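Asker: Residues per chain are reported as follows:
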Amino acid sequence: MTTDLEIAGRRFASRLIIGTGGFRTLDSLAQALEASGAEMATLALRRVDPSARGSLVEVLERAGVQLLPNTAHCFTARDAVTTAKLAREAFETDWVKLEVIGDDRTLLPDPVELLEAAEELVADGFTVLPYTSDDPVLARRLADAGCAAVMPLGSPIGSGMGIANPYNLRLIVEEAEVPVVLDAGIGTASDATLAMELGCDAVLLASAVARAEHPARMARAMRLAVEAGRDAREAGRIPHRLYARASTPPEGVPELS
Amino acid sequence: MISVVLNGEARELGDPATVADAVAAAEAPERGVAVAVDGEVVSRGAWGRTSLSDGQSVEVLQAVQGG
Chain W
37 MTTDLEIAGR RFASRLIIGT GGFRTLDSLA QALEASGAEM ATLALRRVDP SARGSLVEVL
97 ERAGVQLLPN TAHCFTARDA VTTAKLAREA FETDWVKLEV IGDDRTLLPD PVELLEAAEE
157 LVADGFTVLP YTSDDPVLAR RLADAGCAAV MPLGSPIGSG MGIANPYNLR LIVEEAEVPV
217 VLDAGIGTAS DATLAMELGC DAVLLASAVA RAEHPARMAR AMRLAVEAGR DAREAGRIPH
277 RLYARASTPP EGVPELS
Chain Y
1235 MISVVLNGEA RELGDPATVA DAVAAAEAPE RGVAVAVDGE VVSRGAWGRT SLSDGQSVEV
1295 LQAVQGG
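Chains as they are written, first to last, in the working numbering: chain W, 37 to 293; chain Y, 1235 to 1301.
Fair warning: there could be bad hints in the mix.
[What the hints assert, rightly or not] Derived EDC-like pairs (lysine to aspartate or glutamate); straight-line CA-CA distance at most 16 Å:
no.	chain 1	residue 1	chain 2	residue 2
1	W	Lys121	W	Asp160
2	W	Lys121	Y	Glu1274
3	W	Lys121	W	Glu156
4	W	Lys121	Y	Asp1272
5	W	Lys121	W	Glu155
[Unchecked claim] Covered, in the sense of this in silico footprint (three residues per stretch, anywhere, with C-beta under 8 Å from a C-beta of chain Y), are these stretches of chain W:
no.	region
6	51 to 61
7	74 to 85
8	113 to 122
9	221 to 229
Source of the hints: derived by calculation from the structure; they are not laboratory data. The model shown is predicted, which means the values in this text are computed figures rather than measured ones. Beta carbons: idealized from backbone N, C-alpha and C, even for Gly.
Build the full structure now, drawing on both the sequences and the hints.
Answerer: Below is the structure:
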């Protein structure tokens, strides 16, 4: 039986969240959103560019997705908290994908600043979804701090390397009391399926779709992949075995020579 | 005239000037905009009554793809 994803009391039929970064055009984004079936999408805040064409907010509204503003490129808790407050003003939502980056080249999270920002934003009434490293202890600390979900990376943002440490992810899922959203690193559909098979509650991805040769086709693949992974998880897979186990009964085999 | 730093660039605004004037000068879109003055958020409802003074830094932000 399928159940909805529930984060902070809000229900989502889709377990795929689309990051809007990297799409070449707003049209391409709109088509991918439709094909993905996603009900939530990220966006960011940057300095006004008067030459910018089209309205991202309108595209997302037409797609009927909930907005999840991010704090991308913030390197301190202080900047991330201010950015979250700016996003709350701009988009009238207290949901935030909290990112506090610790390193320019890998874009890995800064765990110390991340936890500090999460605590501050939770205290200020935000619904905080932190992008975190795949560290089970940090995930627990973030959940304990009142985050509405935890969003461990599979591998670095935009790397397409999939899930580098499935064992850590299993540990996070095993003890999580909030939804676990695999965020970052997805390269292709099987990565998304694996995330769901490992027990993640949802998958957030951007580059894998946005930078694919055919984004809408890949968005559809991701929708199916997430659904397949979820079904497989819920269905209860067979254990790994070293030796074969016959699927055709050995009894009653005729003697033919 | 007063001189502020608007989205990283020196800009002259009329005297007196409010945050709403800076938003207009930045050619911000209608929706999905947020403003910080010297790193502090100014809520939309307060733009018209928040005056700016010489040398202040104003960031006028809009939605972009990301994440």
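Asker: Give a verdict on every hint.
Answerer: Status of each hint after checking the structure:
At roughly 9 Å between alpha-carbon atoms, Lys121/W and Asp160/W fall within 16 Å of each other, so this suggested pair holds. In summary, the hint linking Lys121/W to Glu1274/Y is supported, as the alpha carbons are separated by about 9 Å, within the 16 Å threshold. Distance restraint check for Lys121/W and Glu156/W: the Cα-Cα separation of roughly 11 Å lies within the 16 Å cut-off, and the hinted pair is therefore satisfied. For a cut-off of 16 Å, the pair hint linking Lys121/W to Asp1272/Y stands: about 14 Å separates their Cα positions.
Simply put, Lys121/W and Glu155/W have alpha-carbon atoms about 14 Å apart, close enough for the 16 Å limit, and the pair holds. Under a criterion of three residues with beta carbons nearer than 8 Å to beta carbons of chain Y, the stated coverage of the region 51 to 61 of chain W is upheld, 5 such residues being counted. For the region 74 to 85 of chain W, the stated coverage by chain Y holds: 8 residues have a C-beta nearer than 8 Å to a C-beta of that chain, and at least 3 were required. Counting residues of the region 113 to 122 of chain W whose CB lies closer than 8 Å to any CB of chain Y gives 3, which reaches the minimum of 3, so the coverage claim holds.
With 0 residues bearing a CB less than 8 Å from a CB of chain Y, the region 221 to 229 of chain W misses the requirement of three and the coverage assertion fails.
The structure is inconsistent with hint 9 alone, although it conforms to all the rest.
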